[in-house]
Amino acid sequence: ACTTCRALKKRCNGERPWCQNCLGKDTPCEYPKHRKDRLQLSLERNRDMTNLLLSLRSRVVSDDCQRVPSLPNKSKISDFDPDTKQSSQRQTFPALDSLHGETDVSAEVGSEGEADIIDEDLLGDEENRAIGFVGPGSEQRWLRRLQEEAKGPKRASLDASRRHQEKDASSPVRIASSTFYLDNAGIDIDYTIDAYGMPPMDTARRLFDAYMDTVHDSFPILPKTSFTDQFQQYCASVARGRPISVPEKWLATLNLVFAIGAQYLHLTDAVWRAGQWGHEIYHYRAHVLGIMGSPLVSNPDLMQVQITALLGFYFMSIGRVNRAWIVSGISLRMSCALGLHVRNEDPTATATQKEALLYTWWALYSLEGNLNDIAGRPSFIGADYCTAPLPLPLSTEQLSDADMVASSSIQYRPSAVGRVPWKTELPASTRANIDTPLPTSSEPSNAGSYLKSKARIGMITNRALTDLYSPRTVVASWKDVQHSITGFLEELEAWVASLPTAFNFSLPQPTAGFIRERRILEMHYFGTKILITRPCLCRVDSRIKNQSKTSDTFNKRAARSCTEAAIAMSETLPEVAVASYLYQTGPWWAVVHNLMQALIVLIIELSYGTVHIPEGGQAILPSIKKLIRWLRAMSGNNQVAARAYCLAFDVLQKAASQLDADISDL
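Residue numbering for the sequence shown follows this note's numbering, beginning at -16 and increasing consecutively.
Among the hints, erroneous ones may be present.
Unchecked claim - Each pair of labels, with its calculated beta carbon distance range:
#1 619 - 227: 19 to 29 Å
#2 285 - 192: 19 to 29 Å
#3 529 - -2: 28 to 38 Å
Unchecked claim - Calculated cross-link-like contacts (lysine-lysine; reagent style DSS-like; alpha-carbon spacing at most 25 Å):
#4 -7 - 8
#5 232 - 207
#6 532 - 462
#7 134 - 608
#8 608 - 637
#9 528 - 134
#10 -8 - 8
#11 539 - 462
#12 232 - 337
#13 16 - -8
#14 528 - 608
#15 16 - -7
#16 528 - 539
#17 207 - 8
Rather than coming from a laboratory, the hints here were simulated on the basis of the structure. Just so you know, even glycine gets a beta-carbon here, dropped at the ideal spot from N, CA and C.
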């Protein structure tokens, strides 16, 4: 009987291709397969599934990976001939140990040797909760791995799939012991403070100028011209004894500007005595005026976006990275709710207003990128949903409607982040052209082109964190990771070649001016290069059996490139460590991150016996000592630098004792 008649329990005449019942009802008529056909189909499916499991073994999570080998080894499948009903010689499947090579192993073999995992309590432990999750792209995780190796090589040498499963391995180093930031130090708000108070006018102007001169161009959260005019008018009214009435949110914004300026002066000016005008007092006032509760219950507006962004930057500058990441995320959410991430075609908005909003958006993008890099956390900016164009290469004085309309580039600007989705199978040069159309080096050097250059390298860094350090890398092969590294390095070099002349740090004789901007871009470049090539800086050759010579050569070159980038980072610093000089000419808000990123990479290479650059190994120890001395020089009035110095020097001492490296001069 056909399947239809069998289901309806009707007599079937068995005619083919249609029985009488199916033909009359015009329904499909199918007959069940013979037993030997069903057996053959089952055998074929069994083989296909077994081969699939074998091919996916290197791409599943570590817990499931251990279960895969048992299936094909225990179920020996025969080639069954249903016609003769005789079994041919049993077919044995290839042993799993024979599946080697960079194509067949998971990308987990690189760098940390593990995907994102949590191996300690981040919910119940108050100290861990304050620090939060630290991802594998952060130098804090790299430092933790060094501490584990110093504590006992057994745990550090375990395979990724076994490290967190071994019961007899030494317990992992707590993340609280590996962080040099101050998140585990609380912040107490003084709610009894006079929220409407003002510092003396000369102090107020000095704080305001410190912010505008050192922070604004890198993070143009506020419209400089209009906010400066408002500040001058307010100061004049206070000097006359009749302060004009201003919104509380504006006062909160001003106090956050003061707080950031006060922190900069605290780090750079030995003459500056904060006294009652330390950065904390301005934070308290801003909290009472415009922060307390409002972001969670109020509808978003532009001023609230600016307040939360400034608060996030302030937290970053005082070493509260976890708080900074959370608050900047709130600012980003509100900005997306206001549509700052998409192209603005509002006919009622002037060109200047649209450009000011673009500056704010890219400031938020850069701030989040900095914090993601420090904490090793993912970006929450959906690239495929962002269509905001990059800023025009105009100076602050040129941000007027007349100048912008006259600019030929205002006619059409392609979207910057919303682009063709990343495709690893494309050639790297093609990917670079698709993702970020690069500017020409003939662009003028000004605030707009600087922000544009900063945003572009931030896009490369964000994608590198996603493609090389996210948990999804466990389903990619090591060969896929090598292709991604190649593409990112090509993009990075194309970015350098596209820099306007005054910002191009690779030129033999850089132009005068823009010293801070050039150093910030240079440090960002070396930091991104370290991040891209760090997965290869490990004993990856021992983790991949039957690796091709091409793959092995690539791994060694990338590891060498990582180490050389760290050495180059140290060479950007003068031989004599003067902390105020670095604060005045570099990214003072996060410079410890840049130095530690390079320092940890160099200590890792030192612990490997400088195998990746044997002929240049003599440059590693001097570079390490130089970075250590700079951290020590900065630790006098910078608690983050002081913690970083203690942690780094401790792991250096342990590594040096094992390798007979002379650090007695430290």
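Against the structure, the hints:
Checked against the given bound of 19 to 29 Å, the beta carbons of residue 619 and residue 227, roughly 41 Å apart, lie outside it. Residue 285 and residue 192 have their C-beta atoms about 24 Å apart, which keeps the hinted 19 to 29 Å range intact. Between residue 529 and residue -2 the Cβ separation comes to about 59 Å, which falls outside the hinted range of 28 to 38 Å. Restraint check for residue -7 and residue 8: the C-alpha separation of about 13 Å stays at or below 25 Å, so the hint holds.
Among the hinted pairs, residue 232 with residue 207 is consistent with the structure: their alpha-carbon atoms are about 17 Å apart, no more than 25 Å. Distance restraint check for residue 532 and residue 462: the Cα-Cα separation of roughly 13 Å lies within the 25 Å cut-off, and the hinted pair is therefore satisfied. Under the criterion of a C-alpha separation no larger than 25 Å, the hint pairing residue 134 with residue 608 is consistent with the structure, at around 23 Å. With a C-alpha separation of about 14 Å, the suggested pairing of residue 608 with residue 637 holds against the 25 Å cut-off.
For a cut-off of 25 Å, the pair hint linking residue 528 to residue 134 is broken: about 28 Å separates their Cα positions. Proximity of residue -8 to residue 8 is assessed by CA-CA distance (about 15 Å); at most 25 Å being required, the pair is judged to hold. About 14 Å separates the Cα atoms of residue 539 and residue 462, which keeps this hinted pair within 25 Å; it holds. This hinted pair checks out: residue 232 and residue 337 have alpha carbons roughly 22 Å apart, not beyond 25 Å.
At most 25 Å may separate the alpha-carbon atoms for a hinted pair to count; residue 16 and residue -8 meet this at roughly 19 Å. Proposed proximity of residue 528 and residue 608 is contradicted: the alpha carbons are some 37 Å apart, above 25 Å. At most 25 Å may separate the alpha-carbon atoms for a hinted pair to count; residue 16 and residue -7 meet this at roughly 19 Å. For a cut-off of 25 Å, the pair hint linking residue 528 to residue 539 stands: about 16 Å separates their Cα positions.
Restraint check: the Cα-Cα separation between residue 207 and residue 8 comes to about 79 Å, which exceeds 25 Å; the hinted pair is violated.
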